[in-house]
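Q: Work the whole structure out from these sequences, hints included.
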Amino acid sequence: MLSIKRIISIEDLEETRQEIRVGRNPNKPIISVCMGTGCIALGARKVVGAFKVELEKEGLKEDIEIKETGCLGSCELGPRVIIYPDEICYFKVKPEDIPEIISKIVIKRRVVERVRT
Amino acid sequence: MVRTVVLNIDNKKVRAKEGTSILDVARKSSADIPTLCHENGLDPYGACRICSVEIEKKGRTKIVAACCYPVEEGLKVRTKSPKINKIRKTIIELAAISAGEGLSGEMRLLASKYNADLSRFRSRVPTESTKCILCGLCIRRCIEANWDSIIGFSGRGVNKRVVLFPDRSGICSICNYCYDVCPTGRISSIGPSPHFPNIDNVIAGRE
Amino acid sequence: MLYKEPSSGKIIPKLENITFYKYQLRLLLKENARIDPKSIEDYISHGGYSALAKVLSEMSPEFVIKEIKKANLRGRGGGGFPTGVKWETTKNAIGDSKCVIVNCDEGDPGAFMDRSLIEGNPHKVLEGLIIGAYAIGADEGYVYVREEYPLAVENISIAITQAEECGLLGENILSSGFNFRVRVHRGAGAFVSGESSALMMALEGKVGEPRPKYVHTAVKGVWNKPSCLNNVETWANIPQIILKGAKWFRSIGTKGSSGTKIFSLVGKINNTGLVEVPMGITLRDLIYKIGGGIRGEKHFKAVQIGGPSGGFIPEKYLDLQVDFDELDKVGSMMGSGGMVVMDEDSCMVDAARYFVDFLLEESCGKCIPCREGLRVLSKILSDICEGRGKDGDIKLIEDIAETMGEVSLCALGKTAVNPILTSLRYFRSEWEKHIRDKSCPSKACKDLINYYIDPKKCQACQLCLRECPVGAIQGSKDQVHWIDLEKCIKCGICQEICNFGAIRKISKEPIPKNPLKGMKPIWRMEN
Chain U
190 MLSIKRIISI EDLEETRQEI RVGRNPNKPI ISVCMGTGCI ALGARKVVGA FKVELEKEGL
250 KEDIEIKETG CLGSCELGPR VIIYPDEICY FKVKPEDIPE IISKIVIKRR VVERVRT
Chain E
34 MVRTVVLNID NKKVRAKEGT SILDVARKSS ADIPTLCHEN GLDPYGACRI CSVEIEKKGR
94 TKIVAACCYP VEEGLKVRTK SPKINKIRKT IIELAAISAG EGLSGEMRLL ASKYNADLSR
154 FRSRVPTEST KCILCGLCIR RCIEANWDSI IGFSGRGVNK RVVLFPDRSG ICSICNYCYD
214 VCPTGRISSI GPSPHFPNID NVIAGRE
Chain W
80 MLYKEPSSGK IIPKLENITF YKYQLRLLLK ENARIDPKSI EDYISHGGYS ALAKVLSEMS
140 PEFVIKEIKK ANLRGRGGGG FPTGVKWETT KNAIGDSKCV IVNCDEGDPG AFMDRSLIEG
200 NPHKVLEGLI IGAYAIGADE GYVYVREEYP LAVENISIAI TQAEECGLLG ENILSSGFNF
260 RVRVHRGAGA FVSGESSALM MALEGKVGEP RPKYVHTAVK GVWNKPSCLN NVETWANIPQ
320 IILKGAKWFR SIGTKGSSGT KIFSLVGKIN NTGLVEVPMG ITLRDLIYKI GGGIRGEKHF
380 KAVQIGGPSG GFIPEKYLDL QVDFDELDKV GSMMGSGGMV VMDEDSCMVD AARYFVDFLL
440 EESCGKCIPC REGLRVLSKI LSDICEGRGK DGDIKLIEDI AETMGEVSLC ALGKTAVNPI
500 LTSLRYFRSE WEKHIRDKSC PSKACKDLIN YYIDPKKCQA CQLCLRECPV GAIQGSKDQV
560 HWIDLEKCIK CGICQEICNF GAIRKISKEP IPKNPLKGMK PIWRMEN
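Protein chains in written order, with the working numbering: chain U, 190 to 306; chain E, 34 to 240; chain W, 80 to 606.
Calculated from the structure, these hints are not laboratory results.
The structure presented is a predicted model; accordingly, all values stated were derived computationally and were not measured.
Honestly, I wouldn't trust all of these hints.
[Unchecked claim] Here are the computed lysine-lysine pairs in the DSSO-like style, where the Cα-Cα straight-line distance is at most 30 Å:
#: 1; chain 1: W; residue 1: K109; chain 2: U; residue 2: K250
#: 2; chain 1: W; residue 1: K458; chain 2: U; residue 2: K283
#: 3; chain 1: W; residue 1: K493; chain 2: E; residue 2: K164
#: 4; chain 1: E; residue 1: K113; chain 2: W; residue 2: K292
#: 5; chain 1: E; residue 1: K116; chain 2: W; residue 2: K323
#: 6; chain 1: W; residue 1: K474; chain 2: E; residue 2: K193
#: 7; chain 1: W; residue 1: K149; chain 2: W; residue 2: K323
#: 8; chain 1: U; residue 1: K217; chain 2: W; residue 2: K469
#: 9; chain 1: W; residue 1: K304; chain 2: E; residue 2: K91
#: 10; chain 1: W; residue 1: K299; chain 2: U; residue 2: K194
#: 11; chain 1: E; residue 1: K146; chain 2: W; residue 2: K299
#: 12; chain 1: W; residue 1: K368; chain 2: U; residue 2: K283
#: 13; chain 1: W; residue 1: K323; chain 2: E; residue 2: K119
#: 14; chain 1: W; residue 1: K149; chain 2: U; residue 2: K281
#: 15; chain 1: W; residue 1: K493; chain 2: E; residue 2: K119
#: 16; chain 1: W; residue 1: K83; chain 2: U; residue 2: K256
#: 17; chain 1: W; residue 1: K493; chain 2: W; residue 2: K299
#: 18; chain 1: U; residue 1: K235; chain 2: W; residue 2: K117
#: 19; chain 1: E; residue 1: K164; chain 2: W; residue 2: K408
A: Pasting the structure below:
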């Protein structure tokens, strides 16, 4: 079900666009998880699930958004997660990594220095 | 209004209705272009490629299938040349790989005309002789005669074969048109040899 | 987790600094990480459908076509045909009903550019399609998605439904009077159905086989209607050309090829994946700057561009600027954008054989040159790779290639010989060694190589002995190991697991004798 109404004219389109933009906070952290075929094959669904569970647990559901997005192309390094608006990238993410990502990056806005290749 | 165009076939000026195929125009003006998968009255199919000719248009030369290419004003056509003849010879030798060497009909005539060595490629890829070059003439003629076909193609690439649809074999009126059009002699007056396999058997891997 | 640069080991947290992404120009792909493909709201918030609004309010169909022609957008599916010209031909063709088609058949092995575009941003492709339909005067659209892309089918179907619910598809779009509807059609598992005339046969419900195309499909296509078929990436380029103008688009790329191209850069390099770069980037930059150079201690040998219809490009052309015309000059083809990088361990004869075998499976079988030509080429190449090559094989291949290239019915047959011909052109000595000497210089062809344990390096640890799946290795903890060549199946596991680098492949060298019975490993003898 769409949340936007039927767009009848060009003015309608611009109005709808503004409405959508105004309703979004540009500083709200967004966790973008790739749900392209490559990352799904490498376990992206479990990663999304783990994020949802953790955010619920920490009471952060309203403060942080999870977005299931498209493929950027480095499928060998999947599952790929990007934290906006800072654009911090994580690759080969596993469900076990989620608590760490959330606690260290999102809450304290600190970059995780541990690297796993 | 279909207009008349003037073109050049083997250095001879010819007039024809715009949109007619090079093959039809050439044959009317007694230029000889060989064919294997063509039959007057049936839509051109373009599978054998042996009717390939050289054309020159706006200064550029290329090779096209005469049965399908529509004539245009100012077109220059060359129906034979050392390059074309070599290609035609190669096509017959390639067709012989699965068709085999014991062919009759148009195939045999063309093989002799172009000095084809039927074992040139066949010796490298020994396969069972099917006597079939998959020209589709039998199928197309059958559809044209019966508004539905008793035989058809099954499979892709080198697995392509002519097969029999058993639920439609009752329609066959033994008109023998398929025998009339077969260019290799696979279909004789008493039926195809070897038999067209039953499609159910082919799909199940039994034939 | 955080990105670690393979060559330097440096950690790079931010997207824009990661070398793989930094040198790209991601005009088409950049929104993929910000947009939920199942959300039209996301697309609209990022400026989506503003190109359509501009077209419907300010531009006539003729003006749109003029702009696309001026931009010099060329087909991204492989042919590189000027898109504006194709649109114009379709527009001018006679017919009350016309259609536009998105070709998402993407059959080249290893190519997944169209998949990422249509899975990640289906609305962008849809917007381009609607603009094209308006310019051409088409009332019907088809999106042909290959059977093997279920997620793409799902996402584009959802996008179409959302656009219909919003009024961006259907009757009287944005109150302009323009009507257009789109249907999704799933493929049935054939590479050849990606050929435009074959695809249209499939849309009509017939077997997806090509037909002679002397009357262009733009004039007579699906159900004999004027039909304009373009690749996914071509359609995805349209909205940005409309918004930023033809002049801007032309400023990117080269004189003959404007804009960016998405390549699927894979093979023996450090960074693999989809790369979107401006036309005219050199192969060297692609492979070394973006791709991070060759993996391990190896060296570049060749790059295969264009999939089964493309060719191999050797080291001497590393500074070639990648665009449609430059690639044609060296015997290759842009194709849909597949790029496989090869090192000294890749055999150029075996690589050509791979593509021939692929096309043999995928040929529709209608025309004699392609069907039979591929059959015999596959046999000859197997013979050569397995040590049965004969004198005269190369001449045979060249004759068949001439016939196939000139008279095959469709582009599959015509371009099938490009891999073989470029491999012969640039790596002929490898072919001659295979045929004359029955040897494989890259040591890749299994039938022409043997594995050998160097008794000077072997430490008799018995690891390979235990791991050998057929028990071909003889030895003990006091006996240097050796391989019984009669049993060896050349799987290579022993070489992979040896910690001392004692095992190597040999080809055509005389096989050394087995070590003497009771020969102990050297380090123990020295101690």
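Q: Quickly compare the C-alpha distance for K299(W) and K194(U) to 30 Å and report which way the hint goes.
A: At roughly 39 Å apart (the allowed maximum being 30 Å), K194(U) and K299(W) break the hint.
Q: With a cut-off of 30 Å on the C-alpha distance, tell me whether K109(W) and K250(U) pass.
A: holds (26 Å)
Q: Mind checking the alpha carbons of K83(W) and K256(U) for me, to see if they're no more than 30 Å apart?
A: holds (24 Å)
Q: Can the restraint linking K235(U) and K117(W) be considered satisfied, given a maximum Cα separation of 30 Å?
A: holds (19 Å)
Q: Are the Cα positions of K304(W) and K91(E) separated by 30 Å at most?
A: Distance ~28 Å between K304(W) and K91(E) Cα, so the pair holds.
Q: If you draw a straight line from the CA of K368(W) to the CA of K283(U), is it 30 Å or shorter?
A: holds (29 Å)
Q: Keeping to a limit of 30 Å between CA atoms, is the pair of K116(E) and K323(W) held or broken?
A: violated (50 Å)
Q: Given the hint that K323(W) pairs with K119(E), does the C-alpha gap stay at or below 30 Å?
A: violated (53 Å)
Q: Run the distance test for K149(W) versus K281(U): straight-line Cα separation, threshold 30 Å.
A: violated (43 Å)
Q: Against the 30 Å threshold, does the CA-CA distance of K493(W) and K164(E) hold or violate the hint?
A: Judged against 30 Å, a Cα distance of about 26 Å means the pair holds.
Q: Holds or violated: K113(E) and K292(W), Cα atoms, limit 30 Å.
A: holds (23 Å)
Q: Would you mind confirming whether the straight-line C-alpha gap from K146(E) to K299(W) stays at or under 30 Å?
A: violated (37 Å)
Consistency note: the structure conflicts with the earlier hints numbered 2, 5, 8, 10, 11, 13, 14, 19.
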